[in-house]
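2 protein chains.
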Amino acid sequence: MTNQQQNDFTKWYIETIQKADLMDYTPVRGCIAFKPDGFEIWEHIQAEMDRRFKETGHRNAYFPMLIPESFFQKEKDHIEGFSPELPWVTEAAGEKLEERLALRPTSETMIGHLYSDWIKSYRDLPVLINQWANVFRWEKKTLPFIRTSEFLWQEGHTAHIDEEEARKETMQMLNIYKEVVEELLAIPVYDGQKTPSERFAGAVDTYSIEAMMKDGKAVQAGTSHYLGTKFAEAFDIKYLNKENKHQHVHTTSWGTSTRLIGSVIMVHGDEQGLVLPPRVAPTQVVLIPVGPWKKNPAIMEKLDEVYADLKAKGIRVRLDDSDQSPGYKFNEWELKGVPVRVELGPRDLENNQALMKARDESDKVSVDIPNLVEAIEAELKTMQSRLLEKARAFREKHSHTHVDSLEQLSKHITDSTDNEEIPGWILAGWCGDDACEENVKAETKFTTRNIPFNPPATKSTCINCGKESKHTVWFGRAY
Amino acid sequence: MTNQQQNDFTKWYIETIQKADLMDYTPVRGCIAFKPDGFEIWEHIQAEMDRRFKETGHRNAYFPMLIPESFFQKEKDHIEGFSPELPWVTEAAGEKLEERLALRPTSETMIGHLYSDWIKSYRDLPVLINQWANVFRWEKKTLPFIRTSEFLWQEGHTAHIDEEEARKETMQMLNIYKEVVEELLAIPVYDGQKTPSERFAGAVDTYSIEAMMKDGKAVQAGTSHYLGTKFAEAFDIKYLNKENKHQHVHTTSWGTSTRLIGSVIMVHGDEQGLVLPPRVAPTQVVLIPVGPWKKNPAIMEKLDEVYADLKAKGIRVRLDDSDQSPGYKFNEWELKGVPVRVELGPRDLENNQALMKARDESDKVSVDIPNLVEAIEAELKTMQSRLLEKARAFREKHSHTHVDSLEQLSKHITDSTDNEEIPGWILAGWCGDDACEENVKAETKFTTRNIPFNPPATKSTCINCGKESKHTVWFGRAY
Chain A
1 MTNQQQNDFT KWYIETIQKA DLMDYTPVRG CIAFKPDGFE IWEHIQAEMD RRFKETGHRN
61 AYFPMLIPES FFQKEKDHIE GFSPELPWVT EAAGEKLEER LALRPTSETM IGHLYSDWIK
121 SYRDLPVLIN QWANVFRWEK KTLPFIRTSE FLWQEGHTAH IDEEEARKET MQMLNIYKEV
181 VEELLAIPVY DGQKTPSERF AGAVDTYSIE AMMKDGKAVQ AGTSHYLGTK FAEAFDIKYL
241 NKENKHQHVH TTSWGTSTRL IGSVIMVHGD EQGLVLPPRV APTQVVLIPV GPWKKNPAIM
301 EKLDEVYADL KAKGIRVRLD DSDQSPGYKF NEWELKGVPV RVELGPRDLE NNQALMKARD
361 ESDKVSVDIP NLVEAIEAEL KTMQSRLLEK ARAFREKHSH THVDSLEQLS KHITDSTDNE
421 EIPGWILAGW CGDDACEENV KAETKFTTRN IPFNPPATKS TCINCGKESK HTVWFGRAY
Chain B
1001 MTNQQQNDFT KWYIETIQKA DLMDYTPVRG CIAFKPDGFE IWEHIQAEMD RRFKETGHRN
1061 AYFPMLIPES FFQKEKDHIE GFSPELPWVT EAAGEKLEER LALRPTSETM IGHLYSDWIK
1121 SYRDLPVLIN QWANVFRWEK KTLPFIRTSE FLWQEGHTAH IDEEEARKET MQMLNIYKEV
1181 VEELLAIPVY DGQKTPSERF AGAVDTYSIE AMMKDGKAVQ AGTSHYLGTK FAEAFDIKYL
1241 NKENKHQHVH TTSWGTSTRL IGSVIMVHGD EQGLVLPPRV APTQVVLIPV GPWKKNPAIM
1301 EKLDEVYADL KAKGIRVRLD DSDQSPGYKF NEWELKGVPV RVELGPRDLE NNQALMKARD
1361 ESDKVSVDIP NLVEAIEAEL KTMQSRLLEK ARAFREKHSH THVDSLEQLS KHITDSTDNE
1421 EIPGWILAGW CGDDACEENV KAETKFTTRN IPFNPPATKS TCINCGKESK HTVWFGRAY
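Chains A and B, in that order, give the protein sequences. Its first residue numbered 1, the first sequence is counted upward by one per residue in this note's numbering. Its first residue numbered 1001, the second sequence is counted upward by one per residue in this note's numbering.
Okay, chain A solo, but in the shape it has when bound (with noise of 0.2 Å):
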């Protein structure tokens, strides 16, 4: 972490995405613009997650955003969970509307009412469909993109024959979730189920990938859901089985969302900005010509060909010939990310070399001008996987499994903060009790993020009252 970010990181945060041009707040509270560059972030998302969907024979549908109040009511803990966050159409070409219609916060209760009527037979089963989508939450406190009252999403809704086949869906999903964090984001993600408190509201069981920032807090950067019949019970979703029999269908969702735009800002930023993996940079190479350029045309004219052989290749690179200097230039292109640098001047077109610079690292490589482009590919790969490398490193390192007491965890936390380091996240037991768990949180801010699927170590005893651990868990303070 850098002197800026660790005076107050959501200073440098916020600063560091809009000097990058990434969002724009607005007079709606809570809700942001997603500019350009912010927006083809969350676009090479989409689109990877989307041909995994796919090819998982997953298809998109779309389902009204507007949710009648009477859909909420028919699951307790779904009404519980979202109730408070709610915004209401009440009125509508000049008239009062008969019920109120929520603005979706999740579509579970939509989908799960068509669902019963689109599935009969045991023939219509699996039904696997997802949608991308807005969807609102009002909550009070907000942050640009990690949350916002209005967020963009996907959410997953599948409908199975059985328990097993559910289960099966709702861990498929969280793998390709885990996947497409790791590959795609090259942020490294703990794997795991949630404790009943943090489940999804009307879910059986929960599981989420939580990704650590640079200021030690976690990120629920997905979650995937079996949900048993409760929704089926609720909205009377049956279909009759191969002995003629009607049963209840078993039904997941999962979801991602803009919040992913955060969190590569949180896990890769630093002192000078944006640092973008690659494969999702809306600008992955930028070319730059420096020293007297203007008069020597050469140097454009090698740039033009060298921008023309990457855009070939279907790299997404920029030629900045503006009238700048080359330093600002640089601290332009370094405050948005872009992953590779390249500066050519008349010394070096003599010398036919370049100068190659990652973002994410210090020194500049000279490279031989008839290798440039085959040494930029090769660096856009290897930038992708350090990064990873990068991350998984940091998180290692905060990452605590010698924190056994809440006594411990309290002074691990203000030993951290007197030595100027960030507390991280601790592996502790748990006996299972939602009291225990409560307690953590009250004391520490602490709260649990998942229960690892394969956890560094295990625990025997709870953090808070010391019995016999039921489970081992992350805990962390958390966006």
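Certain hints may be false.
Cut-off 25 Å, straight-line C-alpha distance, at most; resulting in silico cross-link-like pairs (PhoX-like, lysine-lysine) [stated by the list, open to error]:
(1) B:1329 with B:1381
(2) B:1019 with A:54
(3) A:141 with B:1096
Please keep in mind that the hints were generated in silico from the structure rather than gathered at the bench.
Once you have looked at the hints, place chain B on chain A.
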């Protein structure tokens, strides 16, 4: 037009899209669910439009869906045009809002507000942004895809240094719409200018592409607006020009929506169901084993091979090896509008041949199996252009240029009805007076579609008042 279509086109349309599983009604007034086969048509349209937008330098962004009431007050034509159709959020998270928030019917106001902040200097121009989004217009009469309370669309919003550049953009986007609708959807359109009474609320000039459905009614398939400095003045969007003077920008907006899905059905569908142009068909080819195929494993082996070859070429193919009879399957896939069907039975295999049928042609053709994949590929291309030609021929037949007075128009309509023919559209003169346009509508329900850029004839007198004509205009009934 087929018998069923002639008896009640709307009934045919609704039954067809429901049987073909494109949509479902929902309990929210005028809001439909887009089922996967319906939504996929939209995905193909999106992909093609988006590619062309990006090729012409546009980038995507996303703006808040909720628009403060005060924003609408700033441009008086705009609020007059849209306020009767707005749904309003008045409460959120348990509290009454201080200011009502409209669900966007279109985003000129929100975007105008933000552009006034984003644009400072001529260096910031042009701004070329597009948004894919859901929008709301609470209309009284709805029809799936064609007119729904919530629909999906794209809306481009650009800002330019002067009128010339903005008008060029307006035309460029109209041309892209024309090309995509003709080439991808095989729907011929007339491009031209809207009359003042049919302009977008707040536009200086509106241009449209107009398509004729099989019942002779018109669908406005896309619009592009030159907004002049009207929104720039309302939202104070100014830039410092090279002479250091503040100038208002000139803006444009342009949109196409999911009504294009409905148009494809209404232009190409027939008595048997959908007829989908290959480029937007979710399934382009269906392979069906016939005769005692289960006893002849060689049949499925061959079809598997063909399936794999087609798949490898990126063709969207299905192999129907369900237990239903061939006749049932033929009906089912015809209903869904699959462009090409291939049948293979024991005798065909013996002769090393398969039968191929294009959805819009009545005859099956025999194809040597070694040439099958190639023949299918060729047929998909041929069918794509054949559908456009058929639709063009239909439109020419029902585009009338012989009607020059209101009396003649009334007679034309009566004669058409008597002959069980559709009245189609008429090309007539117009003096430019709103009252004349209004009277034609009141007397005949024919409205001005647009003033075509390349009319097939020019007209010297106004169809209503007989005075000198200023414009030659397409008139027709519209959705």
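Hints versus structure:
Proximity of residue 1329 (chain B) to residue 1381 (chain B) is assessed by CA-CA distance (about 24 Å); at most 25 Å being required, the pair is judged to hold. Using a Cα cut-off of 25 Å, the hinted pair residue 1019 (chain B) and residue 54 (chain A) holds, with the two alpha carbons roughly 24 Å apart. Restraint check for residue 141 (chain A) and residue 1096 (chain B): satisfied, since their Cα atoms lie roughly 18 Å apart, inside the 25 Å limit.
Violated hints are absent here; each numbered hint is respected by the structure.
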